[in-house]
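A.B. asks: The lines below spell out each chain.
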Amino acid sequence: MKRGFVIFLFVPMVFMILQSCADEQNFDQFDDLSVEPTLASSIFYFESDEATINLAGPGAFYTQSFTFEAFNESFVAERVLDGVIVYEVENTTSKELAILIEFLDAGGTVLDSESFVVQPEPTPLLERQIAYGNGGRSLDILRNTTNIRVSGDNLGDGTSVSSASEPKIILRSSAEFRLRLR
Amino acid sequence: MKKVTVLMLTIFLGMVTSHAQNKALLYDFYEVPQSLMLNPGVRTPYKWHAGIPLLSGIAVQAGSSGVTVNDLFANDGVDFNTKVREKVLDGLSKNDDFGGSGQIEVFYGGFRNTKRPNDYYSFGMYGEGFIAQFWPRDLAILAFEGNANNLERRFDLNHIATQGEAVNVFHFGVNRKLNNKWTVGLRAKLYSSVFEFKSVRNDGYFVTTQGENNILRNTLVADVTMRTSGIESLFDILNDDDVAQSVELPKWLLGRSLFGGNLGAGVDIGFTHNIGRSSYVTASLLDVGFIYHNNDVKNYTLNGAATNEGVEIVLPEDASNLNADIWQDLIDDFERQIPFETDERAYLSLRPIKLYSSFRYNFGERSLKSKVCDCGIKPNTKTDSFDYLNAVGGQFFMINQPRGPQAAITAFYQRRLGNVLALKTTYTADKYTFSNIGLGLNVQAGPVNFYVLADNLLGYPNLPDSNYASLQFGFNIISWNGN
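Sequence lines, in order, name chains A and B.
Under our numbering, think of the first position of the first sequence as 585, with each following residue one higher.
Under our numbering, think of the first position of the second sequence as 46, with each following residue one higher.
A hint or two may mislead.
Stated by the list, open to error - If you want a taste of the chain A side facing chain B, the calculated C-beta under 8 Å gives, among others:
#  : residue
1  : Phe611
2  : Gln613
3  : Leu623
4  : Ile627
5  : Phe630
6  : Gln648
7  : Phe650
8  : Thr651
9  : Phe659
10 : Val670
11 : Val734
12 : Ser735
13 : Arg756
14 : Glu760
To be verified - Over the 12 Å line for every Cβ pair with chain A, so calculated as not near, a few chain B residues:
#  : residue
15 : Ala193
16 : Phe215
17 : Lys234
18 : Ser244
19 : Val245
20 : Tyr250
21 : Leu261
22 : Asn263
23 : Pro295
24 : Val312
25 : Gly321
26 : Val356
27 : Glu386
28 : Tyr392
29 : Asn445
30 : Pro447
Unchecked claim - To be clear about the criterion: a stretch of chain B counts as covered by chain A if any three or more of its residues have a C-beta under 8 Å from a C-beta of chain A, and this derived list gives those stretches:
#  : region
31 : 76-83
32 : 183-190
I should point out that these hints are in silico values taken from the structure, not numbers from a laboratory.
All residues carry an ideal CB built from backbone N, CA and C; glycine is no exception.
Take the sequences, apply the hints, and build the full model.
C.D. replies: Shown next as structure tokens:
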């Protein structure tokens, strides 16, 4: 009886070990793994009050070129698949204004540009999305961009003052890019 | 090639000389001298024992909670990315872990004091280590999905928890039978750390929200630390093309194993208490100790807080900064606010304390002729130590882990078949599995002792679908009491 109990308990376990086998595995599937996050960040923000614009008078009131190496960082440049840059322009001044954004390479060559002309207030928020890659503009523009130039032009007069509180021209921008990490 | 070398070394150190976790089958299976290592106060029916060097105790264990190899790599025609999404990204939590551990005894022996026959001394050296990687869930989601579609979601940095080590242990223990009711034991240990890396108790988050000025605002708050010792010298060897790695790596391993690395000390304590004619309560506390790391230490920290809304130009304030490098200023500000720093400060590392306890009831026809009583202290004999035919009981195990204590409960049945064979089967429930049935076999062929203990047998028919597997085996030469 006791011997039978032991056999009943232990023999199936040993049998299970001897029966060891496995479902078919295919480790090559790992090669199919795709890791493609979409990363988002603000790019730059430009703001000028109306007094500064009036002080410069009609015509160009600001031009600034600055280093911007977020796109041509090797981590991004080598992995970017496609993306969108979003611009928002808000004008609460009393004059028509133009904002020009230029993407420059290391030699100062303009690779891409985006211009905005906004009417005096009251005017709605101007929104624009520019696609890169996947049917949009070339990704090489971004990969080679090392500088951004921002220019502001006063297309109106240099004396009028908006009735809005704290009248300003504001340009906001952000980018969403899909990267292939694997 | 170097990556392969690192991988091989990691596997070797992680799986062969690695740190043993729950050894439910071995605990209180005192036909096997290695049970002393889990409870210095276990009953010792031996006059002396000697492990076969390098073969007396080999234990390997691997586990993953939440996902199995089969879940991902079964050749089932399901898209691999779908499986990763369902089983890993959606299926695992920050408390799920992947780990491997093991142990190898270099030498191990023991003997009974002829003048004080109730004392049994044991000594030896073994290497052990482990690698435990908790699933960094939030960071994985950030890597797979990005932040664009996760606005307002905090990606917690406290999901980062990883640790691993290889350590060589020298030990000497005393086991004393106080009377027929009590057996107690104490073991002193000296640790020689080969390497350690540890990143636990991290804090902070990354979040993308609507910006105050610009469209988006990225915020990073970080309090992350990784402590390492012994790693730099390893990478120095691996990165040096002018040295023969096949010579230098064993030299490095041997040197750091034999007190050339970082040193520490600890103790094990335990007891066995007879509470009646056939019932026993046991408990042990293992690795109550520390290692002081002051040699080849390198610590990495990321500590601070920063927010970013891109490059900002605000007129008229910035009108005078036309020549300023505002991009570099942005980078510099970020690095100042969240500096990534390294240092070589010494640190103290507590050992992962382990607790075992058990209740055992012996039944069946006893080979013992003597009675258990309080009538005095008398030496063990082989027969009165194996005073059972059957034994049943329960065990409890707990280990201190980065995410807090990790516990397991075990029910066991043990059976002796003559003087040659002893069997133990266990059912264990822990975070890895609720269907862990193990089987231990001890064979005594004259003085030669062989044991093999395997956990989670239900997983063996399809090992890749198993969350947990462990195997221990070894050879000893034993001289029994009364021989």
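A.B. asks: Does each hint fit the structure? Answer for all of them.
C.D. replies: To see whether the hints hold, each was checked on the structure:
1. Phe611: holds, 5 Å
2. Gln613: With Cβ-Cβ at 4 Å, under 8 Å, it holds.
3. Leu623: holds, 5 Å
4. Ile627: holds, 5 Å
5. Phe630: holds, 5 Å
6. Gln648: At 6 Å from the nearest chain B Cβ, glutamine 648/A passes the 8 Å test, so the hint holds.
7. Phe650: holds, 5 Å
8. Thr651: holds, 4 Å
9. Phe659: Hint violated; phenylalanine 659/A Cβ to chain B Cβ min 13 Å, cut 8 Å.
10. Val670: With a minimum Cβ separation of about 6 Å from chain B (threshold 8 Å), the hint on valine 670/A holds.
11. Val734: holds, 7 Å
12. Ser735: violated, 12 Å
13. Arg756: Hint holds; arginine 756/A Cβ to chain B Cβ min 5 Å, cut 8 Å.
14. Glu760: Holds. Min distance 5 Å.
15. Ala193: violated, 4 Å
16. Phe215: holds, 35 Å
17. Lys234: The claim holds: lysine 234/B sits with its nearest Cβ about 34 Å from chain A, beyond 12 Å.
18. Ser244: holds, 21 Å
19. Val245: holds, 26 Å
20. Tyr250: holds, 16 Å
21. Leu261: violated, 5 Å
22. Asn263: violated, 6 Å
23. Pro295: Non-interface label stands for proline 295/B: nearest chain A Cβ at 30 Å, farther than 12 Å.
24. Val312: For valine 312/B, whose nearest Cβ neighbour in chain A is about 36 Å away, the distance exceeds 12 Å, so it holds.
25. Gly321: Nearest chain A Cβ is 23 Å from glycine 321/B, so the label holds.
26. Val356: Given that some Cβ of chain A is not farther than 12 Å from that of valine 356/B, nearest at about 4 Å, it is violated.
27. Glu386: Correct as stated: the minimum Cβ-Cβ distance to chain A is 21 Å, above 12 Å.
28. Tyr392: holds, 32 Å
29. Asn445: Given a closest Cβ separation of 32 Å, the condition holds.
30. Pro447: holds, 26 Å
31. 76-83: violated (count 0)
32. 183-190: holds (count 4)
The structure shown violates the earlier hints numbered 9, 12, 15, 21, 22, 26, 31.
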